[in-house]
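Enquirer: Sequence:
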Amino acid sequence: MGEIRGREEESYALWEYLESLRPATEEDLVTAAVEAWTLTSACDFRPVQPDSEIESPFTLLGYIAHNLWEIDIEKVQGLIPRQARDLLEISLRWADYFLSPGFRARYAALPRGFVHGDVHRDNIIVTAGGLKLIDWDNARIDARLAELTKPMLCLVEAQRYFERIDRILTAVRRSAHPLNEDEERIWPQVLLMQYVAADIFGFFLMRTRSYSDDRIRRRFANSRYLMRPFVDEYGLHSPPK
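Each residue of the sequence shown is one higher than the last, beginning at 1 in our numbering.
Derived by calculation from the structure, the hints in this document are not laboratory data. Some clues are possibly wrong.
[Said to hold, decoys possible] Okay, the calculated beta carbon distance ranges per label pair:
#1 Asp122 to Ala42: 22 to 30 angstroms
#2 Asp137 to Gln159: 40 to 48 angstroms
#3 Ile134 to Gln77: 31 to 39 angstroms
#4 Asp182 to Arg82: 14 to 22 angstroms
Here the structure is a predicted model, which means the values were calculated and not measured. Just so you know, even glycine gets a beta-carbon here, dropped at the ideal spot from N, CA and C.
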């Protein structure tokens, strides 16, 4: 049975390779973000109470809540360039805010859906019939803003970053599933949650020695450089009082 299963997996991988006509582009990611939002919103779930499944380790908020304590702050500060260390402090202040009872209640009250959770270019297959999302390992029930903001995070190195974010938002607002008032107010904070979660994943790689110190140093230097324009653009230097 193992041999048969292996052949099936190989055939499936070969089919995906043959169907992939070209690598996914930044434009494809914008398109996939809107398509994933539509799929997520169509599978609508009622809001929940804080401290329920919305804070399981597999949701965006739950990932931060369950992993923030593992950060070795002193080591991280030693790896991040001095001129970017203020952004680490901003990230940690926001992490504390995200775990506050008030924000947890607001996050739990957001519309939810069945979220793919990892929409980025490497998970987009370009076929003759259109775009196809692969790698559903992170799929879950979560706030649908978690679906919308992950591809925004993955566009940080794109040319005209804010223009592409605006295109995603405009398309979503004109869709059959527009943002509600709460989502309009809070989406920049949820995107900042994606930055914090990405940092925590970097801390995990550091702790497990999955990356060399030099590679981690480059990763954090890059993320800090890309985070600054976003923080400045939306005035997110400090959480609300």
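Enquirer: Just tell me: holds or violated, for the beta carbon distance of Ile134 and Gln77 against 31 to 39 angstroms?
Expert: holds, 37 angstroms
Enquirer: Starting from the hint 22 to 30 angstroms, judge whether the C-beta atoms of Asp122 and Ala42 obey it.
Expert: Taking Cβ atoms as reference, Asp122 and Ala42 lie about 25 angstroms apart, which means the hint holds.
Enquirer: Is the gap between the beta carbons of Asp182 and Arg82 within 14 to 22 angstroms?
Expert: This hint is violated: roughly 38 angstroms between Cβ atoms.
Enquirer: Determine whether the Cβ-Cβ distance between Asp137 and Gln159 falls within the hinted range of 40 to 48 angstroms.
Expert: With Cβ atoms ~29 angstroms apart, the hint is violated.
Violation of the numbered hints given earlier is confined to hints 2, 4; the remaining hints are satisfied by the structure.
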